[in-house]
Structure formats: C-alpha cells, structure tokens
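4 protein chains.
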Amino acid sequence: MSVLIHFSLFPTDKGTSVSPYVARSLRIIRESGLPYKLGPMSTALEGEWEEVMAVVERCFRELKKDSSRIYMTLQMDYRAGAVNRIEGKIKSVEEKL
Amino acid sequence: MSVLIHFSLFPTDKGTSVSPYVARSLRIIRESGLPYKLGPMSTALEGEWEEVMAVVERCFRELKKDSSRIYMTLQMDYRAGAVNRIEGKIKSVEEKL
Amino acid sequence: MSVLIHFSLFPTDKGTSVSPYVARSLRIIRESGLPYKLGPMSTALEGEWEEVMAVVERCFRELKKDSSRIYMTLQMDYRAGAVNRIEGKIKSVEEKL
Amino acid sequence: MSVLIHFSLFPTDKGTSVSPYVARSLRIIRESGLPYKLGPMSTALEGEWEEVMAVVERCFRELKKDSSRIYMTLQMDYRAGAVNRIEGKIKSVEEKL
Numbered sequence: 000m001s002v003l004i005h006f007s008l009f010p011t012d013k014g015t016s017v018s019p020y021v022a023r024s025l026r027i028i029r030e031s032g033l034p035y036k037l038g039p040m041s042t043a044l045e046g047e048w049e050e051v052m053a054v055v056e057r058c059f060r061e062l063k064k065d066s067s068r069i070y071m072t073l074q075m076d077y078r079a080g081a082v083n084r085i086e087g088k089i090k091s092v093e094e095k096l
Numbered sequence: 000m001s002v003l004i005h006f007s008l009f010p011t012d013k014g015t016s017v018s019p020y021v022a023r024s025l026r027i028i029r030e031s032g033l034p035y036k037l038g039p040m041s042t043a044l045e046g047e048w049e050e051v052m053a054v055v056e057r058c059f060r061e062l063k064k065d066s067s068r069i070y071m072t073l074q075m076d077y078r079a080g081a082v083n084r085i086e087g088k089i090k091s092v093e094e095k096l
Numbered sequence: 000m001s002v003l004i005h006f007s008l009f010p011t012d013k014g015t016s017v018s019p020y021v022a023r024s025l026r027i028i029r030e031s032g033l034p035y036k037l038g039p040m041s042t043a044l045e046g047e048w049e050e051v052m053a054v055v056e057r058c059f060r061e062l063k064k065d066s067s068r069i070y071m072t073l074q075m076d077y078r079a080g081a082v083n084r085i086e087g088k089i090k091s092v093e094e095k096l
Numbered sequence: 000m001s002v003l004i005h006f007s008l009f010p011t012d013k014g015t016s017v018s019p020y021v022a023r024s025l026r027i028i029r030e031s032g033l034p035y036k037l038g039p040m041s042t043a044l045e046g047e048w049e050e051v052m053a054v055v056e057r058c059f060r061e062l063k064k065d066s067s068r069i070y071m072t073l074q075m076d077y078r079a080g081a082v083n084r085i086e087g088k089i090k091s092v093e094e095k096l
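Residue numbers (numbering that gives the first Met the number 0), protein chains in the order written: chain W, 0 to 96; chain H, 0 to 96; chain C, 0 to 96; chain U, 0 to 96.
Only true hints are included.
Have a look at the derived ranges for each label pair, beta carbon to beta carbon:
id	chain 1	residue 1	chain 2	residue 2	range
1	H	Thr15	U	Asn83	34 to 44 Å
2	W	Ala53	C	Ser16	25 to 35 Å
3	C	Asn83	W	Glu50	33 to 43 Å
4	C	Ser16	W	Glu56	20 to 30 Å
5	C	Glu47	W	Glu61	36 to 46 Å
6	C	Arg29	W	Lys95	41 to 51 Å
7	C	Glu56	U	Ser67	20 to 30 Å
8	C	Glu47	U	Glu30	20 to 30 Å
9	C	Lys90	H	Ala53	27 to 37 Å
10	U	Ser67	C	Glu49	15 to 25 Å
11	H	Ser16	U	Gly80	42 to 52 Å
12	H	Thr15	C	Lys64	37 to 47 Å
13	H	Arg26	U	Glu30	40 to 50 Å
To be clear, the hints were calculated from the coordinates, so they are not data collected in a lab.
No residue lacks a Cβ here, since even glycine has one placed at the ideal position from N, Cα and C.
Let the sequences and hints guide you as you build the complete structure.
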C-alpha cells in the first residue's frame with residue numbers, strides 16, 4: 000500500500016543560496032521517522048500516501064512562514080505490494096548490470 | 000493562500016493507451032469544483048493546499064482500484080496573495096510579448 | 000518519431016515576479032515554428048527529440064545571460080507513430096468523459 | 000558552466016517490472032564518464048549542458064529500440080560557477096542541520 004516519492008521544495012524569492020531552507024525540510028523529514036534518502040536534487044521518502052503527503056505538507060507550511068514564493072516538484076511511484084523500495088530499487092537496477 | 004499545481008497521474012501497467020484512466024481523474028477533478036485546466040501532458044488545478052491535494056489523492060485512490068503500478072509527477076507553485084492564477088499567469092506572460 | 004514535452008524554466012535569483020523571463024522563452028518557442036501550447040505552469044512543445052531539445056537549450060542559454068541560478072522541470076512522453084498530440088491528447092481524454 | 004540534472008526514463012508499455020530497462024540507461028550513464036548518482040527514483044548527473052543532454056538522448060534512443068511508449072521526467076539546476084555539486088549539495092544541507 001505504501002508509495003515511494005521524491006520531492007524538491009524551495010523558495011524562489013531568496014536568491015541563489017537555499018540550503019538553509021532545504022535543511023528545515025530535512026529536519027521535518029527526519030523527525031517523521033519515515034525511511035528517507037537525501038539526494039543531490041531531491042529527497043526520497045517512503046510510506047503510506049497519507050504519511051508521506053503529511054510530511055510534504057509540513058515542509059511546505061514551514062517554508063511558507065517566511066517565503067512568499069515557493070516551488071515544488073514531486074514524483075510518486077506506487078507498486079502494489081512492494082516495500083523497502085528506497086534501498087530495493089537501487090539494488091534491483093545494480094543487479095541487472 | 001492558494002496554490003497552483005499541475006500533475007500527471009497514470010498507470011504504467013496498462014500498455015500504451017491510458018486515456019480512459021486519465022479520463023477517470025478528470026471526472027474527479029471536475030466534480031471537485033476547483034478551477035482547473037486540462038493540458039496535453041498534465042492538468043492544472045488551483046485552490047488551498049488541502050483542497051488540491053485531496054483531489055489528487057482521490058484520483059490516486061480511484062486508479063489504485065485496478066492498477067498495480069502508478070506514476071505521478073506533480074509541480075506546485077505558491078505565491079503569497081496571488082489568486083486566479085490559472086488564467087492570470089498565461090495572460091501575464093502574453094502581455095510581456 | 001516525434002515526442003511531446005512540457006517544461007518550465009525560470010530563474011530563482013530574481014524574486015517573485017518571473018513572467019518577463021518566461022516571456023523570453025516563449026518568444027524563442029514561437030520563433031521555432033514547432034507546435035506549442037502555453038499552460039499556466041509549463042509550455043508544451045511537440046517535434047523530433049533534437050528539435051524540441053534544441054529549443055529548450057536556446058531558452059536556457061537566453062536565461063543564463065543574466066541569471067545566476069536557473070531551475071527547470073521537463074517531462075517527455077514518446078509514443079511510437081503518434082502525431083499531432085498537443086491537440087489530440089486533450090481530445091482523446093475529453094471523448095472518454 | 001556545468002549543470003546538475005536528475006532524470007527518470009522508463010517504458011510504460013512493459014508492465015510493472017522495468018528495472019532491466021533502467022539498467023540499460025545506467026550502463027550508458029556509467030560509460031559517459033560523467034559524475035552521477037543513482038537514487039531510488041532517478042539518477043543525478045553533472046556536466047556541461049550538452050554533455051548531460053547527450054547522455055539523456057542516448058538513453059532515450061536505446062529504450063526506443065524496443066519500447067513504443069516512454070516517459071521521462073527531468074529536473075535541472077544551474078548555478079553559475081558551481082562545481083562538484085552531486086556531493087556538495089548534500090553536504091551543504093547536512094552541515095546546516
């Protein structure tokens with residue numbers, strides 16, 4: 000039932016350096032207790048739809064406190080019955096090589 | 000407070016023709032009453048975060064009934080105080096030309 | 000052989016109003032002569048892979064002249080043998096309703 | 000001058016298991032010699048615009064040999080003067096925590 004997402008969420012009214020803002024999201028993600036993986040352009044997160052989307056919403060609300068323009072891109076991959084996909088998908092591809 | 004999103008949601012286990020599945024989502028979107036715009040690769044939707052995300056979740060749950068693999072890509076653009084952006088953003092760009 | 004893409008390309012170091020920058024891209028897109036459709040969050044474009052990617056690259060190079068940080072999200076949908084999809088895909092979904 | 004991208008490219012006419020197809024892309028990416036990082040939902044790649052886009056195009060052409068429908072989502076982040084961002088961006092965020 001669980002889904003795998005990855006997303007990038009950042010203010011676009013704060014100039015070129017946004018890592019402090021990304022760090023705020025990462026703090027929220029870590030506190031969620033859900034499996035996650037930080038990548039160079041997005042963070043992957045796994046869990047029930049409601050769980051992962053609640054985390055994304057918390058990140059958005061945190062940023063909105065002091066950002067007047069925010070952009071997000073999010074991708075979701077659902078596969079019936081699949082679990083532990085954050086690690087599993089990478090392994091599955093590497094085994095094919 | 001409202002956000003503008005656009006998203007594409009489709010099964011990847013149903014072969015090359017997925018418009019019947021996309022039509023199911025569009026039905027849910029229309030019933031939501033939120034402003035929307037169907038594009039060739041995604042549907043734009045405007046409203047409060049909770050409203051638009053609830054619609055996206057309903058579309059996902061509808062597809063999940065008979066799809067075992069589903070992909071979604073979603074982009075969100077938040078701009079403090081902005082409204083009527085589905086039409087307004089296109090106008091704003093066209094006026095600059 | 001042709002592909003359908005849609006993309007959003009914008010500077011993130013220019014504050015909240017970026018429509019003048021988006022308009023520059025739109026000018027390049029129109030001059031390309033390729034079928035396109037401006038949406039509220041992205042522009043759809045159809046043509047051979049090389050053609051559409053050359054247009055995207057021109058838009059990027061134009062923005063790079065005076066932007067020091069630029070973000071892009073792009074989605075592509077390829078379907079063997081399909082043509083006129085910018086209009087055709089919307090029709091196909093609406094007919095299913 | 001270099002850009003950071005991440006992308007997912009997969010056939011949607013091959014059923015639920017697409018890791019063999021993703022592995023083909025990864026092989027092309029590795030042979031390119033460009034810095035890359037495989038994630039659970041996408042692969043990050045760094046280099047000049049022409050270099051990274053040439054790799055993406057090779058991956059697409061490889062898949063097109065035996066897929067009749069292919070989807071791709073790609074995000075790009077350009078930051079003037081920045082290098083070694085595949086590792087650097089993760090570090091930068093983690094240091095803020």
